[in-house]
Amino acid sequence: MLPLILFYVFGTILVAAALAVIVARNPVYSALCLVLCFVTSAGLWLLIEAEFLAIVLVLVYVGAVMVLFLFVVMMLDINLEELRSGFTRFAWLGWITAGVIVFEVAGVVVTRKLGLDVMRGPVPLLSSYSNTQELGALLYSKYAYPFEIAAMLLLVAIVAAIALTLRHRRGLKVQNISRQVAARASERVRLVKMDAERRE
Amino acid sequence: MSTLKQLGALWAQLPSYVQSTVFTLVLTVVLILSVAYLTLWERKVIGWMQVRIGPNRVRLFGLLPGWGQPFADVIKLLIKEIVIPARANKILFRLAPLITLVPAFAAWAVVPIAPHYAIANIDAGLLYVLSLTSMGVYGVILAGWSSNSKYAFLGAMRSAAQMVAYEIAMGFALVGVLMVAGSLNLGTIVARQHGGALSWNWSWLLPLLVVYFISGVAETNRAPFDVAEGESEIVAGFHVEYSGMAFALFFLAEYANMILIAGLTAVFFFGGWLSPLDGYPAWLGGASVLALPGTHWLVFKIFVLLFLFLWFRATFPRYRYDQIMRLGWKVLIPITLVWIAVECLLSWYHVGPWKAL
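Protein chains in written order, with the numbering used here: chain A, 1 to 200; chain B, 1 to 357.
Among the clues, some could well be false.
[To be verified] Some, not all, of what chain A presents toward chain B, calculated at C-beta under 7 Å:
#, residue
1, L59
2, L70
3, I177
[Said to hold, decoys possible] Footprint (simulated), chain A over chain B, 3 or more residues, beta carbon under 8 Å:
#, segment
4, 119 to 127
5, 320 to 330
Just so you know, the hints here were simulated from the structure itself, not pulled from any lab data.
Glycine included, C-beta positions come from ideal geometry on N, C-alpha and C.
The whole structure should be built from the sequences, with the hints applied where relevant.
Rendered as structure tokens:
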């Protein structure tokens, strides 16, 4: 009973937050609602005992990705009037995209048939079952190559992103921190020992 | 004695959710009191290091000079007005202090506070801790943005960038810990370190311990990494516009985070509730009461680690911002990567903690 109540509570919040992401006028609110979406879907995943995925969703998307999103969104100086000027012009594209997505989702749901009795949750597992361990064993044996390839792709993407934004400007005065840190007082200051002089 | 036993039996009969609720409440109260007295201890320690006395006026029940100071501070902050800037975002402005505070307390749920006991003994405890500590950034960013002030916003950007950067080094350091333990469960991580002070993780993971603790200090925005409150450049960082209890909540969160980082360091590298004499021969005290595991060891280790935080603050000058970023990205992260490779070699050749593999 409790899981069912929780499911509906999380589901309602998730749908409402997802709507708010697109409806909200302020882009910061949109980003925050997206965070709420991620957190509630993590809750839903916990209900189907996918604890590893749920925690990683929060860790990666909420803890890292959305923080950077918020950073960018907050720094942007967004002119709402300018944004809305193209709304009617591109509305047809939006409607088509929305229609296709609704059609696809409906296709998946209808072929599986609706109803709670059909879409039953997985059988509850023993408390000794370790979600993380199972996933790790699969990732490093059966799916070792796809996993490694995905990791390499991400690495290439990171290197590419850095290489694209990296630029050296001529004549820029930059501090060389390693040299600053390595500086020793003995090299900078010369202490001269001399006797006190008498005033004539 | 018999009444005590009866009470114990009654306690054991209670359903587990009642037990964990009681434990949660007790732990929360203890944490809040620890935060209150940590502020006093900090002022005292820094005072002594600077040859001052520190707070000594407010007495608790007419005894112990200085011990009433935390309560005096709290009452002062409670009766102050909470000013909300005119064009601030009111909802987020009120929400931000809570978002910083809640993860610092919620992460304690998985910390093994007594031998083989944690309020929520979950399997992926380490990931849970990481994901919760990464939520704390939101409070900082939202506080800075919702204040509608340039200074607050700049301060928020600074400290958020710093927190995000050091989280990575922190996560990598923990990869080393879980390679030793072979588990993400914090209870198992502690249990695998049994066998006395020398077999705790710090001995084989010394570089990771250093990286973890430094990132912990940076993560909590404490000195020498406290550019978030660079008074001379950005007034006071992301919480300039906050006053009264809302302001106090940020500091409550900072100190709660300090206790959490100290607790996690104790769990990951210093054997949590294990005794340092555990498994030693009898003439070294291995058979005495001191060799028994217990919560008191965890508390003692947290206390020592917290003292380090205060010691740092009293001794080190503040880092410059670009140096902070360099330390995080170019020094700490490579160290962890190298040490993870070293650990791979050690475990391949069954050395040290991997002897039994």
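Coverage criterion applied to the segment 119 to 127 of chain B (partner chain A; beta-carbon cut 8 Å; 3 residues)
Since three or more residues must qualify, the claim that chain A covers the segment 119 to 127 of chain B holds, with 4 doing so at under 8 Å.
Grab the minimum C-beta distance from A/L70 to chain B and call the hint holds if it beats 7 Å, violated otherwise.
Since chain B brings a Cβ to about 6 Å from A/L70, closer than 7 Å, the hint holds.
Restraint: A/I177 near chain B, CB-CB cut 7 Å. Satisfied or not?
holds, 5 Å
Given A/L59 as an interface hint, is its Cβ closer than 7 Å to any Cβ of chain B?
holds, 4 Å
Coverage of the segment 320 to 330 of chain B by chain A, judged on three or more residues with CB within 8 Å
holds (count 3)
Violated hints: none; the structure is consistent with every hint.
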